[in-house]
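Q: One line per chain: the protein sequences are B and D, in this order. The opening residue of the first sequence carries number 66 in our numbering; numbering runs sequentially from there. The opening residue of the second sequence carries number 6 in our numbering; numbering runs sequentially from there.
No wet-lab data here; the hints were simulated from the structure. Where hints are given, some of them may not hold.
Claimed, not checked - Derived, one-sided and incomplete: chain B residues facing chain D with beta-carbon distance under 7 Å:
id, residue
1, Ile122
2, Gln132
3, Asn136
4, Val137
5, Asp141
6, Leu142
7, Gly145
8, Glu148
9, Asn152
10, Leu262
Model, not experiment: these values are computed from the prediction. Each residue gets a CB set at the ideal place from its N, CA and C atoms; glycine is no exception.
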Amino acid sequence: MNTPTDTTATLALRSDLQIIAEWIQPGNHILDLGCGDGSLMGYLDRTKSVTGYGIEIEDHYIPQCIQNGVNVLQMDLDRGLTEFNDNSFDQVILSMALQTMRYPHLLMEEMLRVGREGIITFPNFGHWKVRWYLAGRGRMPVSEALPNYWYNTPNIHLCTLQDFEELCRQHNFQIQERRTLNHHHETGLGLQLLPNLLGEIVLYRFTRLPDNIPR
Amino acid sequence: MPVKIDNNSVGLVTPEKFHCSEPISLSCGEVLPEFDIVYECYGTLNSSKSNALLICHALSGDHHVAGYHTWEDEKPGWWDRFIGPGKVFDTDRFFIVCCNNLGGCSGSTGPTTTNPINGNRYGPDFPLVTVSDWVESQARLADHLGIEAWLAVIGGSLGGMQAMQWSVDQPDRIKNAIVIAAAPKLTAQNIAFNEVARQAILTDPNFFEGRYYEHSVQPDRGLRLARMLGHITYLSDDSMAKKFGRDLRQGKINFDYSEEFEIERYLRYQGDQFVGRFDANSYLLITKVLDYYDPEETEKRSLAEVFSRAKCDFLVVSFSTDWRFSPSRSKKIIKALHDNGLNVSYGEVKSSQGHDSFLMTIPQYIEIIRSYMDKLAASL
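Start from the sequences, fold in the hints, and give me the full structure.
A: So, in structure tokens, the structure goes:
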């Protein structure tokens, strides 16, 4: 699966697809932010009979989604989800796109405004290979999960697992579940002990803290 | 012979006429006791009659959407680039129908046709119709053709409004609505442009309160001005700059009011062409159809509530430089659709050609429509 030609998107699909699918109930109404060619929505439709929409900004993905039978809306996520009403989705998914957002924390607020639950996956910048690359070569890491150079990468807000969890604490996002995958896209004991070091891709399910809990 | 015939042209086509002797009650309260609808068809209706597409024309369009009436025609139908074997609306796969709408001037009942009650031309007495009235008359045509439900109703601009209205007026007779460069209603600016166009016609000395046929004249000057104004709003500033810039016809200014700039030549040419083929009363009437289109106001409820009747799937397309029906207008439509959980896809195509983009073969636009039509063809 993990041939050197795999892009971040397809790597992510292979690895986090099943975990995301586990988190989705049959028939749920889903919004998939940055849906690419619609593979995830297509998969969820086939396996969980979900309804909903993918949102994508890149021109070339729009016909691909349509061809794949996925409802796609061409919109800019950096402008928020103003087109959508409060609480109109069961889950809002942001798969491998958090790091490309101009204001990740504002989008997360929006995700929990329009949806009951947020699902976020991203490449962990705390992974040992990334640290090794930066420490050893003194240059911005390039890898299968992060294939672009610093100047042409869409990834403008890379973060580590710890950074993300700190953001959640500061903004009262309650993490319901965290899963990590190593660079072979497997889970294991080591990952549970040292997730920020060994996790190449992290997956979160999060909700808003209930209002009655003091913040 | 036309200069160049497309390899994938539908070729020679002949318009047909459907006479409906069942009266039609119009939104304005009047009744037309009978009416004619002129239409053209391309492709073959399959045995299950499930592959029929209805193309709805915009303000100045007509039923002649593809091919040629004679080999002497200089130009093919108005959307010929989209309709034919192998084209996005593929006549090898779909049966395609387009009609001239009621109130038009290309053969369907309208101001230029004879009122059966008194034997005179309707002229200004032709009742003001609405998009819903058009949908009703198109549904009668579908009955006549034996089409239970359209696989898709497709239209740009005012045509897109018809596609939307089909989805709520005839929810069981439409499987897909393709709504291009449209809006859920006109803005004040849109109405303002229409009003200037109407005033140009209404104040023409040859208008004679719409009874110009009796004087054997036409308000050509007003109609020409109306069309010139329209053309300015169909283009973008950029596309006009690119196409004409400040180019002078004779390479120098003449210090007079002759046709000096290329843009002047273009607008005058468009105006002249238009007066030869369009009727002023029809133009007035169709601008009113546009102005009146406002399903929220008509039904006194929100757009989302209006679309709660819809059952079909939607494809909505807008164009980045379309300032007449801008992408933000299309997003209002999208919102009402996804508020109802309806299947909808939306593409915002980058183009330089303004509102006219919907008539153009812009690669991204073509890809979007083609992928949607491929999916529909696969479902047959």
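Q: Evaluate each hint against the coordinates.
A: How the hints compare with the structure:
1. Ile122: violated (9 Å)
2. Gln132: Since the shortest Cβ distance to chain D is 4 Å, the answer is holds.
3. Asn136: Holds, because the Cβ-Cβ distance from Asn136/B to chain D comes to roughly 5 Å (cut-off 7 Å).
4. Val137: holds (5 Å)
5. Asp141: With Cβ-Cβ at 9 Å, over 7 Å, it is violated.
6. Leu142: Violated, about 14 Å.
7. Gly145: This hint is violated: Gly145/B lies away from chain D, its Cβ roughly 13 Å from the closest one there, beyond 7 Å.
8. Glu148: holds (5 Å)
9. Asn152: Nearest chain D Cβ about 12 Å off; hint violated.
10. Leu262: Nearest chain D Cβ about 41 Å off; hint violated.
This entry does not satisfy hints 1, 5, 6, 7, 9 and 10, going by the numbered hints stated previously.
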